[in-house]
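Asker: Here are the chains, one letter per residue:
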Amino acid sequence: MGILPDEIKPAMQGVIPSHIVTCSRDGIPNASVISQVYYVDPDHVALSHQFFNKTTSNVRENPHAVACITHPETLETWDLELEYDHSETTGPVFDTMDMQIEAIASMTGMKGIFKLRSADIYRVVSVIKNADERIQP
Amino acid sequence: MPTSESSPDGNDPGLREQIAENQRTIDRLNRDLARKSNDVRIIQQISSEITSTLDLDEVLAVVLRAMERVLGFQHSMVLLQDLAEAKLRVCASSGFDPSGVGAEVALGHGVLGVVAERKRMMRVGNVGASVAYFAGIRARMEAAGEIAPGGAVPALPGLAKAQSQLALPLLVKDRLVGVLAVESPKANAFDELDEILLTIVANQAATAIDNARTYQMVEKLGRLKRFFSPQLAELIVTGGADDPLKTHRRDVTVVFLDLRGFTAFAETAEPEEVMSVLREYHAEMGRLILEHEGTLERFTGDGMMIFFNDPTPVSDPAKRALRMALAMRERVTPLCERWRKRGHELDLGIGIAQGYATIGAIGFEGRWDYGAIGTVTNLAARLCGEAKPSQILVTRRVASDAEDLVETEPVGPLTLKGLAKPVPAFNVVRLKS
Chain A
48 MGILPDEIKP AMQGVIPSHI VTCSRDGIPN ASVISQVYYV DPDHVALSHQ
98 FFNKTTSNVR ENPHAVACIT HPETLETWDL ELEYDHSETT GPVFDTMDMQ
148 IEAIASMTGM KGIFKLRSAD IYRVVSVIKN ADERIQP
Chain B
-10 MPTSESSPDG NDPGLREQIA ENQRTIDRLN RDLARKSNDV RIIQQISSEI
40 TSTLDLDEVL AVVLRAMERV LGFQHSMVLL QDLAEAKLRV CASSGFDPSG
90 VGAEVALGHG VLGVVAERKR MMRVGNVGAS VAYFAGIRAR MEAAGEIAPG
140 GAVPALPGLA KAQSQLALPL LVKDRLVGVL AVESPKANAF DELDEILLTI
190 VANQAATAID NARTYQMVEK LGRLKRFFSP QLAELIVTGG ADDPLKTHRR
240 DVTVVFLDLR GFTAFAETAE PEEVMSVLRE YHAEMGRLIL EHEGTLERFT
290 GDGMMIFFND PTPVSDPAKR ALRMALAMRE RVTPLCERWR KRGHELDLGI
340 GIAQGYATIG AIGFEGRWDY GAIGTVTNLA ARLCGEAKPS QILVTRRVAS
390 DAEDLVETEP VGPLTLKGLA KPVPAFNVVR LKS
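Quick mapping for you: the protein sequence lines, in order, are chains A and B. Residue numbers 48 to 184, in our numbering, belong to the letters of the first sequence in order. Residue numbers -10 to 422, in our numbering, belong to the letters of the second sequence in order.
FYI, nobody ran anything at the bench for these hints, they're computed from the structure. Beta carbons are placed, not taken as given, at the ideal position from N, Cα and C, and that holds for glycine. One or more of the hints may lead you astray.
In silico DSS-like links for lysine-lysine, alpha-carbon gap of 30 angstroms or less [claimed, not checked]:
{"no.": "1", "chain 1": "B", "residue 1": "K150", "chain 2": "B", "residue 2": "K175"}
{"no.": "2", "chain 1": "A", "residue 1": "K158", "chain 2": "B", "residue 2": "K175"}
{"no.": "3", "chain 1": "B", "residue 1": "K76", "chain 2": "A", "residue 2": "K162"}
{"no.": "4", "chain 1": "B", "residue 1": "K150", "chain 2": "A", "residue 2": "K162"}
{"no.": "5", "chain 1": "A", "residue 1": "K162", "chain 2": "B", "residue 2": "K108"}
Examples of chain B residues lying across from chain A (beta carbon under 10 angstroms, computed) [stated by the list, open to error]:
{"no.": "6", "residue": "Q63"}
{"no.": "7", "residue": "V100"}
{"no.": "8", "residue": "M130"}
{"no.": "9", "residue": "L148"}
{"no.": "10", "residue": "K150"}
{"no.": "11", "residue": "Q152"}
{"no.": "12", "residue": "S153"}
{"no.": "13", "residue": "S265"}
Isolated chain A, as found in the complex (with noise of 0.2 angstroms):
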């Protein structure tokens, strides 16, 4: 028994847009907004690395960060703790969002601009469920 509930899929196929909250080595914090939070396992999540920024540069030297992700019918808010754990750039993972994102830029003319660099995997620390429900590991 992993950490995430089956009741958290739907709020990982990015309909809401979510956001993570990082923080610089110098303790600069950086909140952004994302299209969308991968589920991997019930202990992991993936977000999709396509350009260098804030979020990517920081989580590499402090691996500290929580998503908020949002059910899009019934608007339960998750607070995922997070920790970055690695990079992958193949294995299924990879695959499936990098599919995803090359059917999408297909769709919108951006092949070969909007390309996946990595998949980063984070490791769920804790979850908390609107906001005051905490679930234990």
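Dock chain B against the given chain A, drawing on the hints supplied.
Answerer: Just chain B now, kept in the frame of chain A:
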């Protein structure tokens, strides 16, 4: 940290809650199991229906019917891979207006194209939102001059406002046959269970579609082999050559031949004797037609019509026709000798003409023939009719096209049925040494 303290006695509220939770889990698992075994039954039923026919349209209809009525998908389509080109074509759909049948998708384009290219399933619950998001970034990058403004992106078949798409490659031993896809205007319409169900349907459908296509090809191959060489027939069914059964116009050399005295012979001789003579004659002529790369359009009793330059263009069609005709005359002479000894007066006559004809499938559903229509065929047939035993009569054009190959002698203008003016004709005497 645990949410509540537990104690060894069974009256503790935490433990009771735990037992209730366990019961809920068991109930949920039972419900899932019931749904699963029901799904398995449905899938078995669909499978047996899908594999019960070799008719491609019927297979596609069964798949789509099952998608809608049994599995509850409102919008589904099957795309098949074009064998000759790197693209998919919508072959059947349900729940789309317009149906989209015939629409093409390039490999690598959109969800369907990428699924085909990667041979991997894809489930997206936010197509519309993602496209809007990407388009927004593109607009920003264009405005900032980071990328050149792009042209229009080709439209894709499917719902204009699809939010969810689940597309599966139809694979037979890792070879792509096509793509099966369902769509919904609702976000997140499909889940992992849908993936599992559709994977089973897709596997069955892929095999059934492949079998039906193979059967169709074998049937078409059989039909084409009646007219064309086996190599060409195969090239046509695999898409490597244009289908000659589609009506087209081409400059061809047409050869007609028949046996003088055959009608009288057939009237008096035993049928078995007639068949035996025909078999011998057909076998010899057939071999020479193949050897000279001619196309046998038809044979009727002792008559044969052959053309050159269609369906495959050949160099010097008139010369090929003449070489074949001369070889035929040479080969038939000893046959006639033998037939004569058995009391049958038979001899070969040949007519050759060149010109444009309209060529393609002639006939009606279930009984198509490959044929040519035009004055040129008429002319060749009439010349053949006028030819005396062992004569090869040709038109002026054929004679002049082959003047460095054969010696000819004029036989004077001939008045031919169906032609207003007398036609100058030439008899081919021999090959020039």
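Asker: Would you check whether K150 (chain B) satisfies its interface hint, that is, whether its CB is within less than 10 angstroms of any CB in chain A?
Answerer: Violated. Min distance 13 angstroms.
Asker: Would you settle whether the hint for Q152 (chain B) is holds or violated, based on the nearest Cβ-Cβ distance to chain A being less than 10 angstroms?
Answerer: holds (8 angstroms)
Asker: If you draw a straight line from the CA of K158 (chain A) to the CA of K175 (chain B), is it 30 angstroms or shorter?
Answerer: holds (26 angstroms)
Asker: Would the hint on Q63 (chain B) be counted as holding, given a Cβ-Cβ threshold of 10 angstroms to chain A?
Answerer: Because about 18 angstroms separates Q63 (chain B) from the closest Cβ in chain A, which is outside the 10 angstroms limit, the hint is violated.
Asker: Does V100 (chain B) pass the interface check with chain A, least Cβ-Cβ distance below 10 angstroms?
Answerer: Holds - the Cβ of V100 (chain B) comes within 10 angstroms of chain A, reaching about 4 angstroms at its closest.
Asker: Given L148 (chain B) was flagged as interface, is its beta-carbon under 10 angstroms from a beta-carbon of chain A?
Answerer: violated (13 angstroms)
Asker: Starting from K150 (chain B), check that the Cα of K175 (chain B) is at most 30 angstroms away, please.
Answerer: At roughly 9 angstroms apart (the allowed maximum being 30 angstroms), K175 (chain B) and K150 (chain B) satisfy the hint.
Asker: Does S153 (chain B) pass the interface hint, meaning its C-beta sits closer than 10 angstroms to a C-beta of chain A?
Answerer: holds (9 angstroms)
Asker: Could you grab the alpha-carbon distance between K162 (chain A) and K108 (chain B) and see if it respects the 30 angstroms cut-off?
Answerer: holds (19 angstroms)
Asker: Does the alpha-carbon distance linking K76 (chain B) and K162 (chain A) stay inside the 30 angstroms limit?
Answerer: The hint holds at about 23 angstroms.
Asker: Should the hint that S265 (chain B) touches chain A count as held when the rule is a Cβ pair under 10 angstroms?
Answerer: violated (66 angstroms)
Asker: Taking 30 angstroms as the top limit, are the C-alpha atoms of K150 (chain B) and K162 (chain A) close enough?
Answerer: Roughly 24 angstroms separates the two Cα atoms, so the pair holds.
Hints 6, 9, 10, 13 from the list above are not met by this structure, while the remaining hints are.
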